[in-house]
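2 protein chains.
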Amino acid sequence: MGQEQIHQPFQLVADGSITTPQGFRAGGLHCGLKKTTRYDLGAIVCEVPAAAAGVYTTNVFQAAPLKVTRESIGADGMLRAVLVNSGNANACTGKQGEADAYEMRARFAEAISVSADQVAVASTGVIGENLRMDKVRDGIDRLPAGMNATAEGADDFCQAILTTDLVQKMVCVKLELDGRTVHVAGAAKGSGMIHPNMATMLGFVTTDACIGGEALQGLLRRATDLTFNMITVDGDTSTNDMLVAMASGLAGNDELTSEHKDWAAFEAALRYVCEVLAKAIARDGEGATKLVEVKVRGAVSDESASAIAKTIVGSSLVKSAAFGADANWGRIIAAAGRAGEPINPDTVDIAIGDIVTLTQSRPVVFDEEVALEYLKGDTIHIYVDLHMADGEATAWGCDLTYDYVRINAAYRT
Amino acid sequence: MGQEQIHQPFQLVADGSITTPQGFRAGGLHCGLKKTTRYDLGAIVCEVPAAAAGVYTTNVFQAAPLKVTRESIGADGMLRAVLVNSGNANACTGKQGEADAYEMRARFAEAISVSADQVAVASTGVIGENLRMDKVRDGIDRLPAGMNATAEGADDFCQAILTTDLVQKMVCVKLELDGRTVHVAGAAKGSGMIHPNMATMLGFVTTDACIGGEALQGLLRRATDLTFNMITVDGDTSTNDMLVAMASGLAGNDELTSEHKDWAAFEAALRYVCEVLAKAIARDGEGATKLVEVKVRGAVSDESASAIAKTIVGSSLVKSAAFGADANWGRIIAAAGRAGEPINPDTVDIAIGDIVTLTQSRPVVFDEEVALEYLKGDTIHIYVDLHMADGEATAWGCDLTYDYVRINAAYRT
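Residue numbers (the numbering used here), protein chains in the order written: chain P, 79 to 491; chain W, 79 to 491.
Hints were generated in silico from the structure; no laboratory data involved.
Fair warning: there could be bad hints in the mix.
Copies of the same chain are indistinguishable here, so a pair counts whether it falls within one copy or spans any two.
[As the list claims (entries may be wrong)] Computed cross-link-like contacts, DSSO-like style, restricted to lysine-lysine with a CA-CA straight-line distance of at most 30 Å:
#1 339 to 252
#2 113 to 252
#3 213 to 454
#4 173 to 213
#5 112 to 252
#6 145 to 213
#7 213 to 112
#8 373 to 213
#9 454 to 373
#10 113 to 145
#11 145 to 112
#12 454 to 113
#13 454 to 145
#14 112 to 454
#15 373 to 173
#16 454 to 339
#17 213 to 252
#18 145 to 173
#19 252 to 373
#20 173 to 454
#21 113 to 339
#22 113 to 213
#23 339 to 213
#24 339 to 112
Given only the sequences and the hints, what does the whole structure look like? Please build it.
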């Protein structure tokens, strides 16, 4: 990521977390929804009402917590907290599921002494089973005492939102706005069911910037389209995806609007946070051993480039070849060709890392040993130039491995 | 299949093959495109000009043989033969690839003493490498001598079109038309890259029915939409897919048109042949251990049902659960919900075999042991009823296994 940061109007905070922005506490614990002692309940709390924004799954079946969170953010665009459980998605759980989501919201609101509509809730895990509310209630009552503004609290939260994820995903950047230091941080969980349009993906952004809820919503939507909606693990989109942002305003900058001179800088910082999390989710896809990044340029539009990039990065054959370190550009071109987008079949260039494999749609002889060495690495870059117009897009995914099958063949058992 | 045949206007010919319809010979041999001694060149020849029809991949990148075959069938709607090689797809091979496909056509036409535009050519295998034409030429010259009208010749052809397929796929049915016995037979290869809109799938239908090329084209197109285009192995669509039908007319029935009283019976026979082949391809998908059949009813239209059925059967999570014998209806509903089709989230029923798992979108308690027993079988039926209108469709696929990954991680090497 080093190179990309050189011209960025923000700096990475090496030991930063979601509690680095002023005003936020976080925590997590084991309440009993997961069979092991792994954490399964966590929360982020803001000490002042935070401007809030949310982006949700496009799946027809939306889990109960999404309805509740929409209502909370919709009430006045402000949040004081977000409560998350893992181990159970509270999806396809009917009226009881809805009642449970509302009860979670109300009970946690009471525990931290705020009104219910200032709390968002999110769930991830198995679909179609009702929550064991006795465990959840007990957890909610114990949670506030352990929350704090340190990196430890943030770590506990990150652990509590994981399901089959292997590693925690967190990032924090800072930038100067009106002479004040503003932080933007984020945490996420992903793994399976990751696909454009939000997947079993939960993301949480905290910032101490002063910005209104509507402005934040616009920026979050745009950042999502270029980051979280550009990753795919297996083409499945979950019932529970949600990205929530909270801005405490405590940094004391002038309120950010599109007229603010550093509006673009703040947007870049937010987008960077989302991109780091999105790539981390892709890299940590179920069973994945490497990150695959596909850049398409020369398409008739950015949307067209986006569709082609996502089709390539989502192809099971391309993903298997990535796992096998096979420079199989034939599968790349075949995937591009079925994306349903305009392509001139005679003008396509493809490179895998620095290795040019196709020029003007004709194979280029390359050193298979060099390609193999490159493909054995933990990040694979695929470049496709269609030479038609200026449309470009980047998508991220991972390889398809034995472990993906193992994990998903036995998820419930 | 037993039950389905009871009311069918045709009978299965137990030992039938693509050479059972009158007028057809077939054969295959090893010419050297595959590394082992497996057959890699085959042909079907008709002793009279046969009315012909073709359906082709929708991939933007179409392999050279498709261009040549389109020309042959387009010339006068008649064919005398189709020549097929495996081991090399002759795709993304530029001008040389086109020249090679034309040369294959011309050389085989000469070898069997017909004009070049009466020969179709098809290829399957690795993309982006030019054919070793010395091997192909030698094979073409030797091929006609070994062709015959027996089941052996048909078997040799079936072997010659396989790539990573494990089993040959062939079927033959007969029906009475105007007091004459008419046969409809087919052979196919599939395996990876199988997805709606034709995949690395080659299909060949022979019949001795008397029918014009245009009428045959219409029937073949319709049958394809309901069968070959309803299967998916991994969501990838190949550059080389092709389905070619030849009708010798030697059965002596009155010419089949939509006015013929047995038009529907013939269509049913043709569709059955395509369905048997399509299901065989799905069952023999790369690494597959079982066939998954998804029936969707109660959708707003057949097209909508079709999109939902294909999304479910193509879901990596559903496919992994099928492999793991996991009655994970949550993944089925999540897949349905992202198909982009109208669904009432409160009225969905789902059954896996006889086991009802969801009624009116609410989980039903079922015996996990019974479900496990059922899911261990070699065919899994998934039923989804949306209770919205009368749209229905059936799609077929297979499970996602360790072997799929193994096969595709190392295909070129």
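Results of checking the hints against the structure:
When the C-alpha separation of residue 339 and residue 252 is checked against a cutoff of 30 Å, the pair qualifies only within one copy, where the shortest distance is 17 Å, while the shortest distance between copies is 78 Å. Proximity of residue 113 to residue 252 under the C-alpha cut-off of 30 Å is found in neither arrangement, the shortest distances being 38 Å within a copy and 58 Å between copies. Taking the shortest alpha-carbon separations for residue 213 and residue 454, neither the intra-copy value of 45 Å nor the inter-copy value of 34 Å comes in at or below 30 Å. For a Cα distance limit of 30 Å, the shortest separation of residue 173 from residue 213 inside one copy, 19 Å, qualifies, whereas the shortest one across copies, 68 Å, does not.
Taking identical chains as interchangeable, the C-alpha atoms of residue 112 and residue 252 are never at most 30 Å apart, the minima being 35 Å within one chain and 58 Å between chains. In this assembly of identical chains, residue 145 and residue 213 lie within 30 Å of each other by CA distance solely inside one copy; the values are 22 Å within and 65 Å between copies. Proximity of residue 213 to residue 112 under the C-alpha cut-off of 30 Å is restricted to the intra-copy arrangement: shortest distance 10 Å within a copy versus 61 Å between copies. In the homo-oligomer, the alpha carbons of residue 373 and residue 213 never lie at most 30 Å apart, since the shortest distance is 46 Å inside one protomer and 39 Å across protomers.
Proximity of residue 454 to residue 373 under the C-alpha cut-off of 30 Å is restricted to the intra-copy arrangement: shortest distance 19 Å within a copy versus 41 Å between copies. Taking identical chains as interchangeable, the C-alpha atoms of residue 113 and residue 145 lie at most 30 Å apart only when both belong to the same chain, with a minimum of 27 Å there against 58 Å between chains. Taking identical chains as interchangeable, the C-alpha atoms of residue 145 and residue 112 lie at most 30 Å apart only when both belong to the same chain, with a minimum of 24 Å there against 57 Å between chains. Taking identical chains as interchangeable, the C-alpha atoms of residue 454 and residue 113 lie at most 30 Å apart only when they sit on different chains, with a minimum of 26 Å there against 36 Å within one chain.
For the homomeric pair residue 454 and residue 145, neither the shortest alpha-carbon distance inside one copy (44 Å) nor that between copies (37 Å) is at most 30 Å. Within a single copy, residue 112 and residue 454 get their C-alpha atoms only as close as 35 Å, which misses the 30 Å cut-off; across copies the closest is 27 Å, which meets it. In this assembly of identical chains, the alpha carbons of residue 373 and residue 173 lie at most 30 Å apart only when taken from different copies (28 Å versus 44 Å within one copy). Taking identical chains as interchangeable, the C-alpha atoms of residue 454 and residue 339 are never at most 30 Å apart, the minima being 44 Å within one chain and 63 Å between chains.
Taking the shortest Cα distances, residue 213 and residue 252 never come within 30 Å of each other, neither inside one copy (38 Å) nor across copies (65 Å). Taking the shortest Cα distances, residue 145 and residue 173 sit within 30 Å of each other inside one copy (12 Å), while across copies they are farther apart (57 Å). Taking the shortest alpha-carbon separations for residue 252 and residue 373, only the intra-copy value of 27 Å comes in at or below 30 Å, while the best inter-copy value is 53 Å. When the C-alpha separation of residue 173 and residue 454 is checked against a cutoff of 30 Å, the pair qualifies neither within a copy, at 50 Å, nor between copies, at 34 Å.
For a Cα distance limit of 30 Å, the shortest separation of residue 113 from residue 339 qualifies neither inside one copy, at 51 Å, nor across copies, at 65 Å. For the homomeric pair residue 113 and residue 213, the shortest alpha-carbon distance inside one copy (12 Å) is at most 30 Å, but the shortest distance between copies (61 Å) is not. Taking identical chains as interchangeable, the C-alpha atoms of residue 339 and residue 213 are never at most 30 Å apart, the minima being 49 Å within one chain and 69 Å between chains. Taking the shortest alpha-carbon separations for residue 339 and residue 112, neither the intra-copy value of 47 Å nor the inter-copy value of 64 Å comes in at or below 30 Å.
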